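**Student:** Two chains, two separate frames, one set of hints: put the complex together.
Which chain is which? The protein sequence lines are A and B, in order.
Just so we're aligned, residue 1 is where the first sequence starts under the numbering used here, counting upward by one.
Just so we're aligned, residue 1 is where the second sequence starts under the numbering used here, counting upward by one.
None of these hints come from the bench; they were simulated from the model.
One thing to keep in mind: the hints can contain errors.
[Claimed, not checked] Cβ-to-Cβ under 7 Å is the rule here; a few derived chain A residues that face chain B:
no. : residue
1   : P39
2   : M48
3   : G52
4   : K104
None of these values were measured; they are calculated from a predicted model.
C-beta: ideal position from N, C-alpha, C; glycine also.
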Amino acid sequence: KNEVEQSPQNLTAQEGEFITINCSYSVGISALHWLQQHPGGGIVSLFMLSSGKKKHGRLIATINIQEKHSSLHITASHPRDSAVYICAVPRAGGAGADGLTFGKGTHLIIQP
Amino acid sequence: GAVVSQHPSWVICKSGTSVKIECRSLDFQATTMFWYRQFPKQSLMLMATSNEGSKATYEQGVEKDKFLINHASLTLSTLTVTSAHPEDSSFYICSGSDYGASNEQFFGPGTRLTVL
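The shape of chain B in the complex, shown without the other chains (with noise of 0.2 Å):
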């Protein structure tokens, strides 16, 4: 299958401070990515999605402002926490496709965050 890669895999950053994280399909060209995350023993949860060039979409409860998502290539997305808190510590994961090839997407390998 497809190539998504993430970074960084995992970071621990003060409260108050923003984290930025990557998601880059390695080999297609990723119209839409997702963007999930996971708390500790709960399900994935997604948290919004981005098309390639437009503004992304976000899901109820997930704050626009704070998780700040960028999609300007069909190889790149990025979800930046800004002014992170403990409870914002989470499994994030990304995940790309190409929908005009097939439904499948592809997950990044994720990103630990633990908030301080």
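Here chain A stands alone, though its shape is the one from the complex (with noise of 0.2 Å):
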């Protein structure tokens, strides 16, 4: 069963600078998903990335397949920003029709 563990828990910056999330999980997987969260519940898929790296916006996610680990950046960030960061990964690493397996998620506060 998969396990992941991101860093840090909790995270305050000033508006504009460059932010990073990290996520590591322990069984090879076919893909690695990025998570956003607002106070309301609601969730967001950011990005579903099996290799390399994918942008969106001010968003870059990347991922090493190799060392199991997994980043999200934010560039220049804004007090919109502000929510709570999930990296989630496929519970028994391949692929198909799996359940997720979450991380406790990364509680972001960008200040104006």
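**Tutor:** Below, the structure is given as structure tokens:
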């Protein structure tokens, strides 16, 4: 069963700072998910990646399959980026219809 | 990305009553739907996996007779919390996937259940 560790648990930064959130997992996977959860609870899927790097606006996600590690970066951070960011991987690691195991999340606060 | 809706977004009910939560995939066919729950200040946890037309597979510790899941069509899955108790108060989120097209899961907005 896959286990997910995220760091840091909490992060407070000033507007404009470059943000990095890290995720490590224990079992080889087909793809890793980065999710965003706002205070109301709703989940938004940011990225699903299986190799290399993906970019969407100010968000960048990278993954190193060999090292079982992924990072989420936010460039030019803004107060509206304040949210909980969650890393998730398939429970058993493989492809196919498998539920996800979630990290505990990184609570990010961007101060103006 | 594809859209998944959930209804209701929140519900308050009395102990002992049953509550049904609907999860719909609006613009894709969800061959598989997952139900997760999140207790306050905890991680999301998988409750069950359902494939269209089949019985759901429940995770260890999740009572199948208490949390009834129906996935009768490729666009609709329902979770019924039977005889709800205050300890069932939680945030319930569904996700849908068409594993024929991709491994991506698309999440609903969630349902906050409060049992008095």
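**Student:** All the hints need checking, so say for each whether the structure fits it.
**Tutor:** Outcome of the hint check:
{"no.": "1", "hint": "P39", "in the structure": "12 Å, violated"}
{"no.": "2", "hint": "M48", "in the structure": "5 Å, holds"}
{"no.": "3", "hint": "G52", "in the structure": "16 Å, violated"}
{"no.": "4", "hint": "K104", "in the structure": "5 Å, holds"}
Violated hints for the displayed structure, listed by number in ascending order: 1 and 3.
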